[in-house]
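Assemble chain B onto chain A, guided by the hints.
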Amino acid sequence: MAILVNKETRLLVQGITGHQGRFHTERMLNYGTNIVAGVTPGKGGQELFGIKIFDTVKEAVDVTKATASIIFVPAPYASDAVYEAIECNLNPIVVITEHIPIHDALKFVNLAKSRNISIVGPNTPGVISPSKALVGIMPPHIFKEGGIGIISRSGTLTYEIADALTKKGFGQSTSIGIGGDPITGLSFIDVLEMFKKDKQTKAVVLIGEIGGDAEEKAAEYIKDNFDKPVVAYIAGRTAPPGKRMGHAGAIITGKFGSAKSKIEAFKKAGIQVADYPDQIADIISRLI
Amino acid sequence: MPKRFVKGGLRLKLYEYEAKEIFHKYDIPVPTSALAKDLEEAKKAATKVGFPVVVKAQVLVGGRGKAGGVKIANDEKELEEIAEKILGMKIKGERVTAVLIEKKVDIKKELYLSVTVDRSKKAPLIIASALGGVDIEEIAEKYPEKIIKRYIDTEIGFKRYIGLEIANKLNVDLNKKVFSKQLEQLWKIFEDFDAELVEINPLVLQEDGTIVAADAKMIIDDNSMFRHKDFEEKLEKRTAEYSARELAARENGMAYVELDGDIGIIGNGAGLVMATMDVVKLYGGKPANFLDVGGGASAERMKKALEIVSSHPNAKVIFINILGGITKCDDMANGIVAATRELNLSQKIVIRLIGTNEEAGKKILTDNGFHALDSMEEAAKKAVDLAKEGE
Numbered sequence: 001m002a003i004l005v006n007k008e009t010r011l012l013v014q015g016i017t018g019h020q021g022r023f024h025t026e027r028m029l030n031y032g033t034n035i036v037a038g039v040t041p042g043k044g045g046q047e048l049f050g051i052k053i054f055d056t057v058k059e060a061v062d063v064t065k066a067t068a069s070i071i072f073v074p075a076p077y078a079s080d081a082v083y084e085a086i087e088c089n090l091n092p093i094v095v096i097t098e099h100i101p102i103h104d105a106l107k108f109v110n111l112a113k114s115r116n117i118s119i120v121g122p123n124t125p126g127v128i129s130p131s132k133a134l135v136g137i138m139p140p141h142i143f144k145e146g147g148i149g150i151i152s153r154s155g156t157l158t159y160e161i162a163d164a165l166t167k168k169g170f171g172q173s174t175s176i177g178i179g180g181d182p183i184t185g186l187s188f189i190d191v192l193e194m195f196k197k198d199k200q201t202k203a204v205v206l207i208g209e210i211g212g213d214a215e216e217k218a219a220e221y222i223k224d225n226f227d228k229p230v231v232a233y234i235a236g237r238t239a240p241p242g243k244r245m246g247h248a249g250a251i252i253t254g255k256f257g258s259a260k261s262k263i264e265a266f267k268k269a270g271i272q273v274a275d276y277p278d279q280i281a282d283i284i285s286r287l288i
Numbered sequence: 289m290p291k292r293f294v295k296g297g298l299r300l301k302l303y304e305y306e307a308k309e310i311f312h313k314y315d316i317p318v319p320t321s322a323l324a325k326d327l328e329e330a331k332k333a334a335t336k337v338g339f340p341v342v343v344k345a346q347v348l349v350g351g352r353g354k355a356g357g358v359k360i361a362n363d364e365k366e367l368e369e370i371a372e373k374i375l376g377m378k379i380k381g382e383r384v385t386a387v388l389i390e391k392k393v394d395i396k397k398e399l400y401l402s403v404t405v406d407r408s409k410k411a412p413l414i415i416a417s418a419l420g421g422v423d424i425e426e427i428a429e430k431y432p433e434k435i436i437k438r439y440i441d442t443e444i445g446f447k448r449y450i451g452l453e454i455a456n457k458l459n460v461d462l463n464k465k466v467f468s469k470q471l472e473q474l475w476k477i478f479e480d481f482d483a484e485l486v487e488i489n490p491l492v493l494q495e496d497g498t499i500v501a502a503d504a505k506m507i508i509d510d511n512s513m514f515r516h517k518d519f520e521e522k523l524e525k526r527t528a529e530y531s532a533r534e535l536a537a538r539e540n541g542m543a544y545v546e547l548d549g550d551i552g553i554i555g556n557g558a559g560l561v562m563a564t565m566d567v568v569k570l571y572g573g574k575p576a577n578f579l580d581v582g583g584g585a586s587a588e589r590m591k592k593a594l595e596i597v598s599s600h601p602n603a604k605v606i607f608i609n610i611l612g613g614i615t616k617c618d619d620m621a622n623g624i625v626a627a628t629r630e631l632n633l634s635q636k637i638v639i640r641l642i643g644t645n646e647e648a649g650k651k652i653l654t655d656n657g658f659h660a661l662d663s664m665e666e667a668a669k670k671a672v673d674l675a676k677e678g679e
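Sequence lines, in order, name chains A and B. Those letters in the first sequence? Residues 1 to 288, by our numbering. Those letters in the second sequence? Residues 289 to 679, by our numbering.
Since the hints were derived computationally from the structure, they do not count as laboratory data. We treat Cβ as the ideally placed atom computed from N, Cα and C, and that holds for glycine. Mixed in with the good hints there might be a few duds.
Stated by the list, open to error - Which bits of chain B does chain A cover? Going by a derived footprint, with three or more residues having C-beta under 8 Å, they are:
| id | stretch |
| --- | --- |
| 1 | 406-413 |
| 2 | 465-471 |
| 3 | 479-488 |
| 4 | 503-514 |
As the list claims (entries may be wrong) - If you anchor each label on the Cβ, the simulated ranges turn out as follows:
| id | chain 1 | residue 1 | chain 2 | residue 2 | range |
| --- | --- | --- | --- | --- | --- |
| 5 | A | Lys43 | B | Lys313 | 17 to 27 Å |
| 6 | A | Glu145 | B | Glu677 | 21 to 31 Å |
| 7 | B | Lys676 | A | Gly254 | 31 to 41 Å |
| 8 | B | Lys676 | A | Gly270 | 30 to 40 Å |
| 9 | B | Lys396 | A | Gly270 | 51 to 61 Å |
| 10 | B | Glu433 | A | Glu59 | 37 to 47 Å |
What the hints assert, rightly or not - Cut-off 30 Å, straight-line C-alpha distance, at most; resulting in silico cross-link-like pairs (DSSO-like, lysine-lysine):
| id | chain 1 | residue 1 | chain 2 | residue 2 |
| --- | --- | --- | --- | --- |
| 11 | A | Lys255 | B | Lys505 |
| 12 | B | Lys574 | A | Lys267 |
| 13 | B | Lys437 | A | Lys107 |
| 14 | B | Lys465 | A | Lys255 |
| 15 | A | Lys267 | B | Lys669 |
| 16 | B | Lys301 | A | Lys107 |
| 17 | B | Lys365 | A | Lys243 |
| 18 | B | Lys469 | A | Lys107 |
| 19 | B | Lys430 | A | Lys268 |
| 20 | A | Lys255 | B | Lys380 |
| 21 | B | Lys410 | A | Lys267 |
| 22 | A | Lys168 | A | Lys113 |
| 23 | B | Lys391 | A | Lys217 |
| 24 | A | Lys168 | B | Lys670 |
| 25 | A | Lys217 | B | Lys380 |
| 26 | B | Lys365 | A | Lys255 |
| 27 | A | Lys243 | B | Lys391 |
| 28 | A | Lys255 | B | Lys391 |
| 29 | A | Lys113 | B | Lys437 |
| 30 | B | Lys365 | B | Lys391 |
| 31 | B | Lys505 | A | Lys267 |
| 32 | A | Lys223 | A | Lys197 |
| 33 | B | Lys569 | A | Lys268 |
| 34 | A | Lys43 | B | Lys517 |
| 35 | A | Lys243 | B | Lys670 |
| 36 | B | Lys574 | A | Lys243 |
| 37 | B | Lys469 | B | Lys391 |
| 38 | B | Lys476 | A | Lys243 |
| 39 | B | Lys396 | B | Lys410 |
| 40 | A | Lys268 | B | Lys476 |
The following block holds chain B by itself, in its conformation from the complex:
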C-alpha cells in the first residue's frame, strides 16, 4: 500500500480556537473570542471582547486548567499579569505560544456532550451528561447512571428525534428543539471532518435555556488526510508532542515509540515487535523502544532503524528480530552490515533472522562477524544477559 503517512502514534488534535472556528461555521454557539500571541495582542483582544475575559492557554496536551493555563481577568491590569504568565508557560512540556481571550459566559449549569467512535460496538456514539465541566471518565466511574450513551446506526445516521431523545434524558431546562438542531450540527462536523472525537466540555447552559460551547476538542483521523488537504499541512507541522526519534522514524516510513529501558528493539510487524518487547521483559530485561520497520522493508530502512535506535541514550544492546515474509532476510542483513560499517555503533547487537532468503541473509551476517539465532526466546535471553553484563 502507498505509505503517505506512517502511524507511530500520531493523531491530529486541533487547538481549542481551531475547533471553535469550525463550531462557529456550523452555527454552534461559542463565546466571543480572539486569539493572541503576545501581550499587545492580548490587550487588543480583551478590549474587543470586553471584560471580564477568560485567558486560555492554547495547547494540545490535556490538563491545562490544573496546570494554571486558564484564568479569569476582570480588568486590564489583571489581564497583563495573567497573559504574561500564561504566554511564558510550559504545560507538560508543551510551550504556550498563544492564548484565547474569551468573553466570560454566565453559567447556569455545565453539561457534557461528545460524538466519538465506539470500537466495541463498531458504531458512532453520542455521549451526554448533565454533569459536565469535570473529567468525564471520572463521572462515568462514580456515577455511571449520569452518562447518556446513544449509539448511531451508520445506515440511518443522526436524525433530530435522536436529539430530542437525548435532551429528554438530560432532564435539564433547555430548549430541546434548538439543542437537537445543534446536536445535528455537531454530528455534521463529526462526519464532514472525519473526526474520531468532537467534544464539548463544558457545554454551558445559560439562564435563558440556550447553550454555548465553552470548550472544544477535536481529533481528526490522520488516515483521512487525502480528503482534507488543508489539515494535511497542519499534521506535518504539529509535532511538538513527539520526540526527534519518533519523527525520524516516521519520515522513513516506520513506527517508533520511545520507552525507558536499555534494550533497543527492532522488528518487522507491529504484533511481532510487541511480542519481542514482552519476551525481553519476561526474561528480566527492559525494552528501550518499539520500532516496526514495516512490511517489505529495504536494507536502507533497516540501516535507518539502527541509526535511530542506537541514538537512544540508554540503549546498551540492540535486539533485531526479523521473520521474513515479504521482508527478505538478505536485505535486512545488508542493512545491518551497512549500519555497523558506516555508523559508529556503541551497542552490542543480537540478531534473530528466519524466513524468506534466510540462508543468504545468514551468510552475509556470518561473513561480517555476526551470528544470527533462530529462536526469538533464545535471542531475547542473550540480549538480556548482554545488557546485564554491562552493569
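The following block holds chain A by itself, in its conformation from the complex:
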C-alpha cells in the first residue's frame, strides 16, 4: 500500500544531468527507486548511471513507459517541464524546484488538477514510501516502513520528526512534503483523503507552519471526514507578522496565517497539537 509512490512507480527524472538532478538520482537509485529514464533537452542518447536520457518527456515515456516524474529543472524553465509531464499524463509529478514564479505555479497547478494529476510541490523535499520508493531529496535512512503517514510543509523539520518517530518504533507508510510555496499542487486535504483510503496508514502526523489557511481547512476536514488518529504540529509561534520566514509561503499577513489561529483550529476540531517536535511520538504512542 502506501500512497503516491511505491515499488510499481516507474520514475522519470527531468533535469537529470544538472548538479542536483545527478546527485539525487544516484541517491534514489541506491534506495531502490525504479528510475527508468531521464530527460535533459539536447542530451538525448546519452546515459547516466545506466539510465537512458531523452530530449523530451514524450520520447522517454514512449520508450520506457515511465509513470511518474520528478523535476529538478531550474525555476525559469520549470513550468515548461511541468507542462511536458502533464501532457504525457505522468502522475504524480514531484516538483523539487524552488523559486518558481507564483503566476506559473497558479497555471500548472490548476491545469493538473483539472486532469486529475497530482502535483507535489513546488519547493518540496518530495515523497518517500519507506522500503518501497524514494522520489525526493530527503535523507532516506531516517525513515522506516510502518503505519504513520506524514504530511508537511517543510523539509528538515520533517526529518527531525520522522527521526524521532522511527527511533521510538513508529515507522512510516508515506512521508510527503507538500511544498513551502504559497501555491502548491496537493493540499493537506488531498493527501488526507489518500491516507484515509490507505490500509497501511494507521495514524497521521500533520506538520504545518505559519501562512495561508491550509491548516485551518485541514482541521475542519479531519473533524468531519477523517477517522484515523491525527497529531498536528505548527512551526512559527514566535514568527513576527509581515516577514517571510525562509519559505515563500511562511508569512503572516495582517491577522491571517498565525500559528495561534491554526493551533486553535486543530484544538477546536478535537485534534491534539504537540508543543515541541519530540512530543509527537509520545502523543502517537498514546493514540494507537
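Leaving out everything else, chain B in the frame of chain A:
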C-alpha cells in the same frame, strides 16, 4: 537549485509614481502629475500640473496619509511650505526623497479595486468595493457584504463579461463598458508584470461617470525577475526597509529575520529554524533572530551566519541547530570552529548536531573544545539557562 535571490522577506514594491507610469501605458486613467525631488522641481511640477495640487510622499511603507505625507496645496505659497516639510520627513523610518505633485481630482465617490492571488483558493482574485479610500481590511471586517470577490479561472483568464458582472454588483453610476475595459487592462498589468498585487485605492468616480486611479500600489513577485530584467536592478537597490544584517544574510544566500530577544538562532531549513525559535520560547527564552543557512550549506556559509548573528547587539547566546541531510555535519563543525577562531565572539555557543557525517562533525567540535548535543529540546533548555545566567 541556482540561488539567484534568496527570500528573506524581500518583496518588490513599486512606488506610486512607478505604478502610475505603468497604468498610464495601459490606458488606465491617472491624474496629471510630475515627480519632484526638491523644492525647485516641486514648484515647476505644480506650475505644469496646475493648482490645486496634491503633494504625495513617495515611500514604500504604508500609512503615509496618517503620518502627514499627503497634503493639498492651493497655491505656490502653500506648496512651498508643504513640499519642504514632506521632503524632509521620515515615515516609519523611511526617508522621503521624492514627492509626486498631482492634479487634484473631483471626487463623486471613492471605490476600491484590486487584483491579487488567493492562496486558499489557488486562484487569482479581483476585489472591488463601493466603499473605497479607507483601509480595505477594516471594511471587510465591518461590512463584509460591501466587498465583491470574483475568483478567476486560470484556464479561462479575465474576460469582459466578468468586468460587467463586477460593475453591476458595485451598483454605482459608472460607464460599465469603459470600466470593464479598464479592469481588463488592470488584469493585463497583473499578468504582464507577474504581480502579487495591483491595487487602486481610491479609484475615484467622477461626475461624468468616468474613473481615475488616485492611488496605485503594485507588488511584483521577486521570483519572476528572470523575465523582468529592468526590475531586477530595482530590487537590488530597494533595500531601505531591510536591516544591514538582513542584507548581509541575503548576499550570502541565507534568509534572516531580526527579532528582539537575546538568543541568536542558526539552523538549516526554514521549518526547523522556526521550530527551534518556538522551543526556545517554550522553555522561557527569547529568540534574537531567525537564520536559515539553507540546504547543503558550506563551512564558509556557517561562518558567515555566525558573523551575522553575533553582531546582533542583544544576542548573549547563539544556539546552532543542525540536522544534516544534504547539509554535512563536518562542514558545519568546520564553519563553527573557523568562526570562533577568526571572529572575536562574545557569545556562548550551544550546538545541536545530528545527521549526515555526524561523527566526523562531533569529533571536530570536541577537538576544539565544543560539546554538541543530540536533542533539540535539551539544547534549547541549555541555551535558555545560559542566557539567564548572564542576567
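Are glutamate 433 of chain B and glutamate 59 of chain A spaced within 37 to 47 Å by their CB atoms? violated, 55 Å
Does lysine 113 of chain A pair with lysine 437 of chain B here, judged by a C-alpha cut-off of 30 Å? holds, 22 Å
What's the verdict on lysine 574 of chain B and lysine 243 of chain A, does the C-alpha distance respect the 30 Å limit or exceed it? holds, 18 Å
Count the residues of the stretch 503-514 of chain B whose CB lies closer than 8 Å to any CB of chain A, then report whether that count reaches three. Holds: 4 residues of the stretch 503-514 of chain B have a Cβ under 8 Å from chain A.
Compare the distance between the alpha carbons of lysine 437 of chain B and lysine 107 of chain A with 30 Å, and conclude whether the hinted pair is satisfied. Distance of about 20 Å is within 30 Å: holds.
Would you check the hint for lysine 469 of chain B and lysine 107 of chain A, treating anything up to 30 Å between C-alpha atoms as holding? Roughly 23 Å between the alpha carbons, so the hint for lysine 469 of chain B and lysine 107 of chain A holds.
Proposed proximity, lysine 267 of chain A with lysine 410 of chain B (alpha carbon, max 30 Å): Holds, at about 26 Å.
Is 21 to 31 Å a correct range for the gap between the Cβ atoms of glutamate 145 of chain A and glutamate 677 of chain B? Roughly 45 Å apart at Cβ, these two residues miss the hinted range, so it is violated.
Please check whether the stretch 406-413 of chain B has three or more residues whose CB lies within less than 8 Å of a CB on chain A. With 5 residues close enough to chain A, the hint holds.
Given the hinted pair lysine 217 of chain A and lysine 380 of chain B, is their Cα-Cα distance within 30 Å? violated, 36 Å
With a cut-off of 30 Å on the C-alpha distance, tell me whether lysine 476 of chain B and lysine 243 of chain A pass. Satisfied, since the Cα-Cα distance of roughly 28 Å is no more than 30 Å.
Holds or violated: lysine 569 of chain B and lysine 268 of chain A, Cα atoms, limit 30 Å. Satisfied, since the Cα-Cα distance of roughly 24 Å is no more than 30 Å.
In summary, the structure is inconsistent with hints 2, 5, 6, 10, 14, 17, 22, 23, 25, 26, 27, 28, 31, 39 and 40 from the numbered list given earlier, while agreeing with the others.
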